[in-house]
Structures are given as structure tokens and as C-alpha cells.
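Chain residues, written in single-letter form:
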Amino acid sequence: MRAQRYLPIALVTGGLALLPLVVTSNFLLNFLILTLLFALLGQAWNILGGFAGQFSFGHAVFFGSGAYATATLQIHLGVNPWVAMVLALAVGGLVGAMIGALSFRFRLRGSYFALITLAFAEVFRIIAHTADFTGGGSGILIPLDLRPANLQFEDKAGFYYLVLALTAGSLVITRALQDSRLGAWMLAIRENEDSARALGIDSFRVKLVAITLSGAMAAAAGVFYAQYFLYLDPGIAYGVGYSVEALLVPIIGGMGTVFGPLIGSFVLHGVDEATRGLTGDAPGLNLALYGALLIVMLRFLPAGLMGLAAQVKGIGHQRRTRQAHRLKEAGDA
Amino acid sequence: MLEARQVSKRFGGLLAVDGVNLDVAEGTIVSLIGPNGAGKTTLFTVLAGFQTPDEGTVRFAGRDITGLPAHAVCRLGMVRTFQVVQPFGRLSVRENIAVGAHLRHPSRAAALDRAEAVARRVGMAAMLDQPATSLTVAGRKRLELARALATEPRLLLLDEVMAGLNPAEIDEIVPVIRAIRDGGITILLIEHVMRAVMSLSDHTYVLNQGRIIADGPPRAVAADPAVVEAYLGHGAAARMQAAEAAHA
Ligand SMILES: Nc1ncnc2c1ncn2[C@@H]1O[C@H](COP(=O)(O)OP(=O)(O)O)[C@@H](O)[C@H]1O
Ligand SMILES: [Mg+2]
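Line order of the protein sequences matches chains A and B. So in the numbering used here, spot 59 of the first sequence is number 44, and the numbers just go up one at a time. So the number in the numbering used here is just where the residue sits in the second sequence, counting from 1, plus 153.
For the record, the hints were derived by calculation from the structure and aren't laboratory data. Glycine is no exception: its CB is placed at the ideal position from the N, C-alpha and C atoms. Just to be clear, a hint being listed does not mean it is correct.
As the list claims (entries may be wrong) - Take a look, some chain B residues computed to stay more than 12 Å from chain A by CB distance: (1) Leu167; (2) Ala178; (3) Ala225; (4) Val290; (5) Leu310; (6) Arg392.
To be verified - These stretches of chain B come out as covered by chain A in the derived footprint (C-beta under 8 Å, 3 or more residues): (7) 232 to 246; (8) 259 to 266.
What the hints assert, rightly or not - So the derived label-pair ranges between C-beta atoms look like this: (9) A:Leu274 - B:Asp217: 55 to 61 Å; (10) B:Asp176 - A:Arg94: 52 to 58 Å; (11) A:Arg261 - B:Thr286: 53 to 59 Å.
Excised from the complex, chain B in its bound form:
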């Protein structure tokens, strides 16, 4: 469904994304992990049309979309969320989600109806009439997800939707994400919460200093202590094994 080939993005002297090849098969959840500053978010901005790659091509649903503007990419069915949440602050939750719904529903009434349905899907039905600014971090992350979902995408790019959530909140959002995939939406997610990465993903890519240094089933990647120690920091291997044990 998504194919990135030799994608590079340079910021001045910094090669933030360096010859990345990445595939996301339809109907799967693929995760992208790596230390802070590895280039994960930059790769998302390139895939979603917010920045043009300096080199390489991006294909989505059988089309070359390299260099296509963000709104056009979204129309084709690929939507991203932002790591640093960007709500429409003075609009209510309902109005926020309706903006996404308007992509496929021109009528105001239809978009507002859709917004309500999407809010139920991500567990925000009780907050529909609150202003977006009144939401907690967890609420804002959910709102990012809800708005993106309202565009009725085929591929959802989630940039650290669990960052800043407490364990209970993470336990709430994991099944929501799985349900979205089960509803037929393919997902590519950036995540630091290894517990969630392990339990959700079918395939994992590890990015470090702009390069993909490993990929495979999450367990195989996690079981590679060299990769983990080198790129997720000292002690990460032990943490991941503990997480895995907890899930087993």
C-alpha cells in the first residue's frame, strides 16, 4: 500500500532521513521506532506531503505521490497526526472532528453527524461539546486520532499518540488502535511505548540517525540485543524483554 524508496531529506548539513526504504502492506500495523532525533517525524512529513524529499520516491496505493501537497495526499487516503498535538483550539471537539469529516461529506449536518460517530469510536462521545483547549493531554491525543480518522483514510500515520499518557490511558488506546485496523484501515505508527509496539505491530522498522538499521517482526527486532542496546539506549533490551514477559 505504501512504498518509500531511497527517501532522503536534508536540513542544511544534517541528513535527517538517509536513503530510507519502507513498505507498509495493506491491512497491517507497522511501527517505526528509534531514538529521539532519529528522523522518524521527518520521514512522516515527507511521506504525507508536508515536505518534498531531496531524493527518492514515495508510492501510495499504486501511485507515485512524491512531491504531492499534503492536502492532495490526504484526499488520496493517507492522513497523518502530529506528535506535538495541533488542535483547532477555539473549536469544540465535535467541530474539530467535523473538519476531518468534511473531506468526504460536504454538508455541514452530515459532517457533524459523522463527527459524533467517530467520537464514539475513539471513546470521546462524552467530550463532544467541550472546547479542544479544555482537553487533557490524553484527550488531545485522541482528538488528533479522531480528526484523522474522520477523513476516512486507507492509511493512518500516527506520530507518538501515546506519548505523555499514563499506563492506564495507554491500555485504553491500544484496543482502539487495533479496532481501527480491524475496521480495514492500515496503520503506520511511530511509538516509544514498547509495550504497545510489541502488542500492536505486525512489522517493525528501526530508524537511527536517518537510516533504517533493522526491520522485521517486532519480537525478532526486540530479541536483537545489539540493535536495542545500540539504538534505544542502555538497558532497553532488558526493559523490552520484561514488557514481552508481561504480555506473554
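With the rest of the complex left out, here is chain A:
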């Protein structure tokens, strides 16, 4: 029963693991890698936004902190990249806890919380721009050294398996959350914080845990980005682009679900690639497209594609029961 809850994750991960055997084109592998990277980042947002109901507009602050943490630890302190990855997750979690402690202590909710996260991402971008150890505005380069011991891989398949492992981990964590008291508490806070408090939930603490977990997970996405591209600058790491990706992916796929971010990421980047072919690289066009998509989703499909699937399944179920009734009546007659 318990293990059965993880079967879909095992099947999906297994299926995705087979892809490099058939997909040899570097272009396609790169597409898959980025899609999984955004699924991971989107899952991080989903835990805080989809489960605990706290909509962040600045998840780049965690993504960027994870990326900069691993890069600077390697370059300035010579820390092994695997160890640096673990430390970077802790940094992401800490940044989350700090932002959470500040904003949740002052009961910031809704758009105020979104604005505060946006402001933090911007402050971190400016700090990264001015500080020395981050390489300032010209960015930071991780030296090329393609060895697995170095968390760098000769071929794209190696990176693909790394990001797949991280994404699968995020799916398992989210499923475990869904089956736990902590997850139930987060949903309760999302649905009605006053009721949650009346029923004995320490909403400050639960939200703090949510943003810490979310921050660490988004930092994992940042670490992967740094290892894959080996270059960061403040505009990439803390730019608004990743904050938008982080929220769009679960909103499209289905907030508060396990597979929503993964599905959302495939759809968003599939559409993105398809339309790029059509429109060329007209600047700003894909942001306009993202904005339109966001409005359409929130207006017509607030439960995302997972919600749509559930609806279709429900209708199918109703139709089947109606059919069964008719058959039974016919039999009785």
C-alpha cells in the first residue's frame, strides 16, 4: 500500500531513464535536461506555493544562492563539488528560513509576501553584482574539469542522469509530504490559516519549514545549473526569469500535486520550443507568451492540467456508472 504510492514515480523515472538510449541528438538531450531542471525548480515552488499556499515571486533568490554557493565554495575554498552541492542546499534552506522568519513573523501574506520575495531576489542580485567573491557583474566561471568526481560529465547523458536523480528525489519528497502530517498542515494553512491555527497548527513554524524545504530544493536546481553551464552572473542567477519559470511550471501542471511541475515543465518548454521555431527569436515574445499563459491558466484552469485530467476522469467515471445503471435496469426489465 505504502510502496504502491511511489509506483508512479518509479515508473516515470524509469521511463525517463531509458530516454538517452533512444535520444542521441544533443539538441533533444539539452531540451530534456532543461525541462527536468525547471521541473525541479517548479517542484520547489510547488511545496511553498502549491502546498503551503504562499506564492513567491522571487524563487530565483534560492536558485541563485544555490548556484553561487556551489561555485564560490569550489573556486575560493577548493571544496569538492559533491560536498559543495550539499552545502549549497543548506545555504538555500537558510536563505529560505531567513526570508520566512522575516516575512511570516510580520504576517505578510498574499501579494505582500510575493513582493517581499521579489525584493529579496533583487537585493541578492545587487549584492552579487557588487561583491568581490561572486565575481561581480562579470560573473563567475567554474573551471572545466570533466570528471564525475567533479560533478561534471563528458557527455550530456551524464548531466541528464544527474538532473533526473535530483528531480526524482523531489518527486519522492513531495509524495512523502502528501502522505504526512506536515503536508496536511500545509494544505490546511493554504486553505484557511485561521482555521488551521484554531485546530492547533503553529502556522508560523509550518510555513517556515515549507520555505526552508522549498529554498533547499530550488538551490539544488541552482547547483545543477552551475555545474551544467559552468558560468553564472547576477542577472542569470537572480534574474526574474527563473522566478517566473518556477511559478509558471506548477501553475500549468497543477499546484499541490506531485506530478504537476513535471507535466507543466514538459508542456511549457514543448510549447516554447515549438513557438520559437515559428516566431524566431523576437525579444520579449516568450515573456508575453508566458504572461498570457499564466492568465489563461489561472482564469480557466486553476487546478492546472492535473486538475483537468481529474475532471476528465471524473466525467468518464460518471458516464461508466450511468452506463452500468442502464445495463442493470435493462437486465431487470
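Using the hints, position chain B with the ligands against chain A.
Same frame as chain A, but now just chain B with the ligands:
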């Protein structure tokens, strides 16, 4: 079990609760009545830790709980419901109740089991898998009660759980509340439905403009026409006597 001493709560220029003294003895049902805007709900929010009183102290189960946050008060065993129902809309009835049950049951499976048991206790067993938003007013009121009950409280604060119910639905909920008390849970309830107040309570407080203006056995309070006429509106005395007669 619960003692409020000289509790006051001010909203700007309005003294919503004004030097209230109130006692609830273990194992009893105490009711709090009074016209709209008297400060009843505000008193509940102060007792349950949703707001700190400007003056006075609240003691519960031998402890001073003044200023303790709501979740901590709930953990000690005092839980409130909301007059304006606040369901977890996108969760099922079962999941709603399980949130309450999680307070004492960390495991998901145990909390879901408890939710089912509590649902049976308040007559919601048939609705367990419905989303909370699909419930009628009566259903939502019951859900408030069920979730609170699932926290396994010692004292239950019910804020107008019968408001908006039809007479048949009220007749259904009254024995449920009595059974809860008989199960060992003390109850303080705010209620406008006098029939229910009369038949349920051991002791009644009357609140008006933030002050307790009378208290005693419900019949004695009801028999005081001056109190009733002045504070529950013209004609209320006659209505209450009729209700009493109907019950006798
Ligand atoms: N949060 C608040 N801020 C300002 N005024 C409030 C607040 N809550 C209640 N009041 C006012 O306090 C008075 C008492 O309200 P309430 O406790 O809800 O009365 P009751 O429950 O007896 O109908 C009312 O005049 C109401 O408008
Ligand atoms: Mg009220």
C-alpha cells in the same frame, strides 16, 4: 475549568468586551447569549488566543493562558469554532476532520481513521468523501464541530453552530451536542436559538454592549422579562416562554 476575570477588549474607540467575568465548570454546558454586536464572538477570540485582551486574565485548566497563541491554547485542550464557517474548501470532509485529528495523532493513517470515527459521531459519515465546498450550510456547521472535536478537546467553544439551520436540522444537532458533553467534553456555546439554549445549558450568561448583565440558570434568566425585553429585543420574553412551554 475556564475562568475569565475582568477581560476587556477594545477596538479603537469601541469597548467590545468590557470587564467580563465568566466561569465554566467542568462537565457542564454554559451558554452565552446577547444581541448582535454584543461582543460574544470577540470574547471567544480573546478566550481562544486569537486576540490578546487589553485587560484581564484568562485561566484554563488551572493555568494562566492570557496572551497564549491560538495553536497553543488548542494544544492545551480548548478549541473554538467560527461563526462564519471556515472550511478547508478544496479538501474533502475526511481530510478536513483529519487536520484536527493530527493534533494528537501524527500518523496520517491514524488521523484519517480518527476522522471517520468523529464523522460518525456528528452524523457526517455519509459525506466523508465530498469536498467541503459541496456541503450545505448545515453540513458546514457540522464540519466546524467535527474538526474541533477531532482535536480531542476538554473544552469546546461553539459560536452559533445552529445559525442558518432549519428547525429539523436544529433538532438533529441538539442531541449531538448533548452527547458530546456526556462524552466528557465541557462546552461553552454562543447561541441565538433560544429553544436550544433552554434545553442544553446548565448556566447562561447574558452579554450586552460588552458587559455581562445577567447570569444564572437559563430558566431564571429567561424568566427575567426586564433582561429579556431590554437585551434580546421587544417580544423576546413571550417567544422564550412559548419555547419553554413547548419543551415542558
Ligand atoms: N476585529 C475587529 N475590529 C474592529 N471592530 C470589531 C472587530 N471585531 C468585532 N468588532 C466590533 O465589536 C463589536 C462586537 O462584535 P462581535 O463580538 O462580533 O459581536 P457578537 O458576536 O456578539 O455579535 C461589534 O460592534 C463589532 O463591529
Ligand atoms: Mg458573533
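Structure-based check of each hint:
1. Leu167: holds (21 Å)
2. Ala178: holds (23 Å)
3. Ala225: The claim breaks: alanine 225 of chain B does not keep its Cβ more than 12 Å from every Cβ of chain A (closest is about 8 Å).
4. Val290: holds (17 Å)
5. Leu310: violated (9 Å)
6. Arg392: The claim holds: arginine 392 of chain B sits with its nearest Cβ about 32 Å from chain A, beyond 12 Å.
7. 232 to 246: Three-residue rule met by the region 232 to 246 of chain B, so holds; n is 10.
8. 259 to 266: holds (count 4)
9. A:Leu274 - B:Asp217: 55 to 61 Å: holds (59 Å)
10. B:Asp176 - A:Arg94: 52 to 58 Å: At roughly 37 Å between Cβ atoms, arginine 94 of chain A and aspartate 176 of chain B fall outside 52 to 58 Å, so the hint is violated.
11. A:Arg261 - B:Thr286: 53 to 59 Å: violated (40 Å)
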